[in-house]
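Fit chains W, A and L to the supplied structure of chain F, relying on the hints for placement.
Residue numbers (the working numbering), protein chains in the order written: chain F, 33 to 464; chain W, 33 to 464; chain A, 33 to 464; chain L, 33 to 464.
Don't take every hint at face value.
Pairs involving identical chains hold if they fit within one copy or between any two copies, as the list cannot separate such chains.
What the hints assert, rightly or not - Cross-link-like lysine-lysine pairs, in silico, DSBU-like; alpha carbons within 30 Å at most:
{"id": "1", "residue 1": "Lys291", "residue 2": "Lys381"}
{"id": "2", "residue 1": "Lys206", "residue 2": "Lys453"}
{"id": "3", "residue 1": "Lys428", "residue 2": "Lys381"}
{"id": "4", "residue 1": "Lys207", "residue 2": "Lys159"}
{"id": "5", "residue 1": "Lys234", "residue 2": "Lys199"}
{"id": "6", "residue 1": "Lys166", "residue 2": "Lys84"}
{"id": "7", "residue 1": "Lys461", "residue 2": "Lys207"}
{"id": "8", "residue 1": "Lys429", "residue 2": "Lys74"}
{"id": "9", "residue 1": "Lys199", "residue 2": "Lys149"}
Treat the hints as calculated values from the structure; they're not laboratory data.
All values reported here derive from a predicted model rather than from experimental measurement.
Number of protein chains: 4
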Amino acid sequence: MIDRYSRPDMVNIWSDQTKFRIWYEIEAFACEAQAKIGVIPKATVKSIWSLKDHIFDSEKINLIEKTTKHDVIAFLTYLANFIGDDSRFIHQGMTSSDILDTCFNIQLVRASDILIKDIDELLEALKAKAFEHKETVCVGRSHGIHAEPITFGLKMAQAYAEMDRNKTRLIDAKKEIAVGAISGAVGTYANIEPDVETYVCKALGLESETISTQIIPRDRHAMFFATLGVIGSSIDRIATEIRHLQRTEVLEVEEFFAKGQKGSSAMPHKRNPVLTENLSGLSRLVRMSVIPAMENVSLWHERDISHSSVERNIAPDTTITLDFALNRLTGVIKNLVIYPENMNKNLNKFNGLIHSQRVLLALTQKGVRREDAYEIVQSNAMKVWNEGVDFYNQLKKDPRVVKALNDNELRANFDMSYHLKHVDTIFGKVFS
Amino acid sequence: MIDRYSRPDMVNIWSDQTKFRIWYEIEAFACEAQAKIGVIPKATVKSIWSLKDHIFDSEKINLIEKTTKHDVIAFLTYLANFIGDDSRFIHQGMTSSDILDTCFNIQLVRASDILIKDIDELLEALKAKAFEHKETVCVGRSHGIHAEPITFGLKMAQAYAEMDRNKTRLIDAKKEIAVGAISGAVGTYANIEPDVETYVCKALGLESETISTQIIPRDRHAMFFATLGVIGSSIDRIATEIRHLQRTEVLEVEEFFAKGQKGSSAMPHKRNPVLTENLSGLSRLVRMSVIPAMENVSLWHERDISHSSVERNIAPDTTITLDFALNRLTGVIKNLVIYPENMNKNLNKFNGLIHSQRVLLALTQKGVRREDAYEIVQSNAMKVWNEGVDFYNQLKKDPRVVKALNDNELRANFDMSYHLKHVDTIFGKVFS
Amino acid sequence: MIDRYSRPDMVNIWSDQTKFRIWYEIEAFACEAQAKIGVIPKATVKSIWSLKDHIFDSEKINLIEKTTKHDVIAFLTYLANFIGDDSRFIHQGMTSSDILDTCFNIQLVRASDILIKDIDELLEALKAKAFEHKETVCVGRSHGIHAEPITFGLKMAQAYAEMDRNKTRLIDAKKEIAVGAISGAVGTYANIEPDVETYVCKALGLESETISTQIIPRDRHAMFFATLGVIGSSIDRIATEIRHLQRTEVLEVEEFFAKGQKGSSAMPHKRNPVLTENLSGLSRLVRMSVIPAMENVSLWHERDISHSSVERNIAPDTTITLDFALNRLTGVIKNLVIYPENMNKNLNKFNGLIHSQRVLLALTQKGVRREDAYEIVQSNAMKVWNEGVDFYNQLKKDPRVVKALNDNELRANFDMSYHLKHVDTIFGKVFS
Amino acid sequence: MIDRYSRPDMVNIWSDQTKFRIWYEIEAFACEAQAKIGVIPKATVKSIWSLKDHIFDSEKINLIEKTTKHDVIAFLTYLANFIGDDSRFIHQGMTSSDILDTCFNIQLVRASDILIKDIDELLEALKAKAFEHKETVCVGRSHGIHAEPITFGLKMAQAYAEMDRNKTRLIDAKKEIAVGAISGAVGTYANIEPDVETYVCKALGLESETISTQIIPRDRHAMFFATLGVIGSSIDRIATEIRHLQRTEVLEVEEFFAKGQKGSSAMPHKRNPVLTENLSGLSRLVRMSVIPAMENVSLWHERDISHSSVERNIAPDTTITLDFALNRLTGVIKNLVIYPENMNKNLNKFNGLIHSQRVLLALTQKGVRREDAYEIVQSNAMKVWNEGVDFYNQLKKDPRVVKALNDNELRANFDMSYHLKHVDTIFGKVFS
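Excised from the complex, chain F in its bound form (with noise of 0.2 Å):
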């Protein structure tokens, strides 16, 4: 984790305060689950509940750690001291993994209702950009090269069918670690009835494990990580899409840019999407835990701790650098400063070169063999792109033009408003 890209919320979810607190609550409702079915004195279910309030002191415990080189035990220790006797009924049956694991995948519940709220917001920041400029026309873009006209809110509105299909994504990545078990020391339920599972998961908004072994099945996570690794991908779509529209020579767009700021230390006179730019390395750290999270699947027989190491590191980071990413993304959309007229003097800085698909199609229409047209189209439309000449009027020069296009027809090709036409339906699909 990286201070500087990360935000509370979610630093706190990670947090051993955090932690101490959801293996509590796991330990209380078993212990309300067992009292139930008469395995343990309900007597003990008071005590463990009048730790209700209590604050953990996670240090204590870490202490106690390094003498039982074991986390759970010494969470239990920590807890015997507060309890007393009855502490002997808490975590009966149970396996530490039991306690963690449930804890871990309701830290990736929490997390993942953060990141699909960051979506949401997201999704209306894109949605009222797209809404915004739904008609401020600008170059579409193949291969970094003019192709023809679309609008900057069709843009917004891609970007928005991307993200929509992750919080989708998302929401079923959640599902896949929404999960808890407590099946005890190789899944069995040996020492431990099955009821309390069910019991334990339902208090925790939880559904139970089909079938574990001693751990929750890790190709789970593996979906997980995987489903924020698109995530982080699209949003790495998004900002290099506006780094491109900063370039000095395009500038239809910019990040905004506050008073006081500095571009760089050495040239006053620059402004960086250094926002965007950022978001690119973000995206890098958050698709890098996929691959661990795939080698995590494959544990030893019923378990090995492997994948703990691996864990400990990319849930925390990886959570945190996404939602964090999420949100400057949020931010740098709505703060986004947009120059109509860069894009109005880019769409015709090649004198009309953008029409180059209709007059090829006008040609046909009339009759002209489409290899013909292609070839007609293409001589006259190097000769702008070389000598800066205007496409219309080459074209006009054309015998073989002239032929089959009167003045009208020629010219009915140059309309910028065809493009447009079905930009209503677009939105309709995407917003609908």
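Okay, now just chains W, A and L, sitting in the frame of chain F:
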């Protein structure tokens, strides 16, 4: 693609023949739709469908590409040779990506269908082995160390549940890429009506893309390949389990060893788990496509073509490898040789040590503090471990044990059936 | 391997024909060594070398493997058909891996030699372009934003220096895998004298492995593929640079566009940087082999075979792709069309803004506090940025500037040659 | 960074305190160089060095950054508070990256020095164990299956040789990043003489970058992190070996188990290889930085800042994790408990089967065709495998064996020392 790790049906999906056939169908259905709305003559539809049974000459098309340096134009040129004048109406208003991306997704859909069938067959094999060995007791291991008894059927049931999740994921992943787009040069439908897209997609069993930008957005494909990566990782888990169980010292299962097979050119006594080792390797190959598929998301503006070479490689390679791996794993499971007697021998290797938890619980239930009970059991267990003595006998010599438990109470903890009492419950959860 | 992204010399290295030929040579040299120390009859050496010009029938050998399920045994069986009785001395004391691993490394050495040659050709192309455009001024950009003037030759020189480092790395990587091993079943030389290994390796131009465990340790190969990944990343850097420079709004360079080439099936005006976009994609493919190569390191005990399927894929695919990519990049550089007039136009787009640092320094040298000078220059620069006015004229209107600098002193900061004074020094460092 | 997997010396390298200290030194040496060539007053040098023992107030600097949104400017502002008027000469002609990149590389160099020392300590531990157990016979395993005898010392020697290669690689990797650059806004030395760079780099123990583009090219760092990834993979290999050997059924070695340690909260009998399992996990973390480091290479034009967030994470995290892992592994090796009697027991588990190759060779040397000899040995071996009979006795009953070998000749193949005759030779190669 490596020949020895491929199966013909999946290979065929990625042949030039299949690709050109799909291109042709997309063009033909587009002509139908265009004729229906009066954009092109109805006669063209007849012309193009006259090639319904045409066998495309891939070599000839690829040769034309050497000149045009553009694959779709080469294909259209080839078509024109057969269709003549009407050919000028084919592809009208479309851009190459309309064909390429829609075709690519059809190929991925077909690949998904094969993979889903593969998983179904694997599930069947796992289920059969799970029920066959529902009661075959073996030791559960955490950290590679004996823990408590489970059954071999439970191992198979765990694999089943994991693969069943993978099936659901794959069905979702298929939906991700089961979309087509016919939206023209920059996705604005400027030169082609949205209805054409709707018509063609429906005819081909696809959804229409919500919003495309010349191309279908690559977050869909990133999600698709990420899902294959998870499935590959699950294969690795099952393969690794078998590799462990076949180790000379464990020898609880063995891959089927054919007559005439040679385990080693130098050591005639060897029977190696080479199929599952191979599966571990193949899973690395499946996984390696995930990151490039994610890197492909961030294309520039409305598209660049950097994803293309990546997909030409990872799409065939990954689906072919995964198809092969799933099928190989099914074969391994079906033919797996299982040694229940060795499972039993291993289970008893440490003279009852696997019952340590039960003794611990029995002591605490008799009022011994958990911490004390732990120490009592651990100290006796270590003697068993180090000196090979019998655990039960050892415990009987410990006055602290004797004080808490009479002989019957102690002996009761060494009952194997105790651990199996919930196997049916678990099977109920997995196979219902 | 994708046909369209491969070149024949590299493809040949990975043919069955080449492989069987190398296997044969290893066996033959091993026979020589064995005969020399009297382990096998000298006649066997003659027998085996009698096949010196034999063309191996790959199909037949692969057919035998279907029965033996073991490739080396299949090969030995094939050899036996030609050599008869003496064949029993061939492969004596060796294990399959002695052949497989030594052969694999010979193939990698040969692949390295091609790649080193590729880099040499690329270096030559870069050097030529660097010197040709040593003084061709263009704007340097940080964050995609105009910074200060550089030359196009410096860009090429940077690429040269980076590729030169890659050459050194590749030579080191080649050394990593230029080792062979003939050490028997578990690497103890129990059945074969260490001298045989020494002899064979020397004959084949390899070092002997320090210590092998049936196989040559895979940390060597991990390092090899990691190095290829770095080279691929450098290719991506250069390709991305060209893609940026070819953007419609920038258009400082263009990939060569052949007669008859079509940029787009729909838009005849397009000239797209498709070669460099393709290189960006290929670099992802090269990079994707790095992680599986590293996962291959951790084989079980003295070996398992999980690395094999991985290497069957990544070794040919990665070397073939990298060879193709280096060669394609060399072609792109050689044929690159450069537009110095556009470079100049872009450089002046913001009316002198790129000289902001010099003005800043001039002010501080006249005693203005750095913080104040920064504010003065930035506020004027922002006006240029936003209103398109001339930077020099703008500064002249600012009394704070006028107070510190007279007109000559101010004007001096707008001299382009100032920025180029150390180009020769840099070229000296790069090309010496 | 995860506290529990970190050591203070490495952590300190990445503290703000260390960073600001290095920034200060770079600025101070740059002032020295600038004064020497007369660009700034000599008094400034005295001024800046007056802060030689200053403790930088990180919090205050970070606070200033909140306003400037630029870290280096914040630092310079902080410095100005102490230095006053002379501060205007500090940083003159430099760009932030001159400071940031040079500092970053100094931190990586220091990190490398710690890692090299770590490897040295690991090498020492491996060497000690190798010599201690040079003759401790154990079974060599391929595919997890018994192959032929080796010694435990050979396993340690293999690990030594691999780590020794890693040391060489790390020394090379250190050289890759042991460069500094003071070349100004776009690397042209327009506002700062190349001599300043030379002077500062020399003072700080670095080479000067051949050619920089505001920043030091990231292919260097890609190579650095790739090398760490290889080292991590080697750690995984050694850790995996120990995990295998500690399995209950094998139990040839055990991690040291401290007094008071608890293997499992539920099962008091457990002693788990948790340190080496942890190392397998840590190696995944080390490896995961490789791809983002490679993705960082392709920055836009003369630089973008997307690499920065990546490096802020992976540079501390990866070096800290690797330092911890190497140190943990050294501890594991030093304290490893070795059970030669179990090695011997395992070796004899299959009644002499491990000698199958020798019998095969003995038969072929007596003139039996290799194919026939193989069949003879294999068929007898399978009986041993399946029925648990003694291999030697089994062979004696086979008339085909008896015909070729008399009892002495047969028995000679079961001599263990035969396999160890070249151990000294191998040790000579590894440790010379």
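Verification of the hints:
no.: 1; hint: Lys291 / Lys381; result: between (32 Å within a copy, 25 Å between copies)
no.: 2; hint: Lys206 / Lys453; result: neither (40 Å within a copy, 32 Å between copies)
no.: 3; hint: Lys428 / Lys381; result: within (19 Å within a copy, 32 Å between copies)
no.: 4; hint: Lys207 / Lys159; result: both (27 Å within a copy, 25 Å between copies)
no.: 5; hint: Lys234 / Lys199; result: both (25 Å within a copy, 26 Å between copies)
no.: 6; hint: Lys166 / Lys84; result: neither (54 Å within a copy, 42 Å between copies)
no.: 7; hint: Lys461 / Lys207; result: both (27 Å within a copy, 17 Å between copies)
no.: 8; hint: Lys429 / Lys74; result: neither (97 Å within a copy, 34 Å between copies)
no.: 9; hint: Lys199 / Lys149; result: both (9 Å within a copy, 29 Å between copies)
Hints 2, 6 and 8 from the earlier list are contradicted by this structure; the remaining hints agree with it.
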